[in-house]
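Peer 1: One line per chain: the protein sequences are D and G, in this order.
In terms of the working numbering, the first sequence opens at residue 96 and continues consecutively.
In terms of the working numbering, the second sequence opens at residue 295 and continues consecutively.
One or more hints might be untrue.
To be verified - Only some residues are given here: those of chain D computed to face chain G with a beta carbon under 10 Å:
#1 Y144
#2 D153
#3 L204
Unchecked claim - Derived lysine-lysine pairs resembling DSS-like cross-links, with alpha carbons at most 27 Å apart:
#4 K97/D with K358/G
#5 K360/G with K335/G
#6 K360/G with K195/D
#7 K308/G with K97/D
#8 K97/D with K162/D
#9 K195/D with K137/D
Don't read these hints as lab results, they were simulated from the structure.
Since we're looking at a predicted model, the values are computed, not measured.
C-beta: ideal position from N, C-alpha, C; glycine also.
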Amino acid sequence: QKEVEQDPGPLSVPEGAIVSLNCTYSNSAFQYFMWYRQYSRKGPELLMYTYSSGNKEDGRFTAQVDKSSKYISLFIRDSQPSDSATYLCAMSASGTSYGKLTFGQGTILTVHP
Amino acid sequence: GAVVSQHPSRVICKSGTSVKIECRSLDFQATTMFWYRQFPKQSLMLMATSNEGSKATYEQGVEKDKFLINHASLTLSTLTVTSAHPEDSSFYICSASGRLTTDTQYFGPGTRLTVL
């Protein structure tokens, strides 16, 4: 069993839709949770960073962490074609600067006009 | 701020040759750098972690004699793929973190290696 499971999709939605991306994990030591966006042939770009359980909102993006269920989500409101990318969840037990990040497989998202 | 660059962005080489990839933090001091490998449609897999001035720590299953990592300064780390073979073809991505990067890693744009 992988430490982090993420539905690879692909996911295709119309412009303006609400997108829900999810990851589950098995390692209860994970405390730091991140979502990265990766465009084709580019490095990942940090979107959201959350410590422990709870919600965090940044513009059109909302990250949710439920540690009791070992489940994290990223919601994208009013999705735009420019949101088309691969979204990777990542987790760490010991802080992201110095600790190992464990990534999900990534979900390919396409937002069509 | 917090920009990480990689060079080259793409390299094609013959089997048996060695290839060096550079990772630079442009506007901060990177006390720790990480090297990842990503195969098509797969996630990033951590290969090794290096701290400035120390030997790199390799993940299980990664051959340290094949993937040589040097982190000689606070702004530069290099990954050398020695005696490259077609199965080493992949997308190699570095990330860096430092004292002023607010507890996160910043990723470079990646290097696509193709071994013929």
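Peer 1: State for each hint whether it applies.
Peer 2: Hints, verified against the model:
Hint status for Y144/D relative to chain G: holds, with the closest Cβ pair at about 6 Å, below 10 Å. Given hint, D153/D at the interface with chain G, is violated; its Cβ is 14 Å from that chain's nearest Cβ, farther than 10 Å. Of the supplied interface hints, the one on L204/D is violated, with its beta-carbon coming no nearer than about 14 Å to a beta-carbon of chain G, more than 10 Å. Our distance criterion of 27 Å between C-alpha atoms is met by K97/D and K358/G, whose separation comes to about 24 Å.
Taken as a hint, the K360/G and K335/G pair is honoured in the structure, with Cα atoms around 24 Å apart against an allowance of 27 Å. The suggested pairing of K360/G with K195/D holds, with an alpha-carbon distance near 21 Å, which does not exceed 27 Å. This hinted pair does not check out: K308/G and K97/D have alpha carbons roughly 34 Å apart, beyond 27 Å. Our distance criterion of 27 Å between C-alpha atoms is met by K97/D and K162/D, whose separation comes to about 17 Å.
A distance of roughly 21 Å separates the Cα atoms of K195/D and K137/D; the hinted pair therefore holds under the 27 Å criterion.
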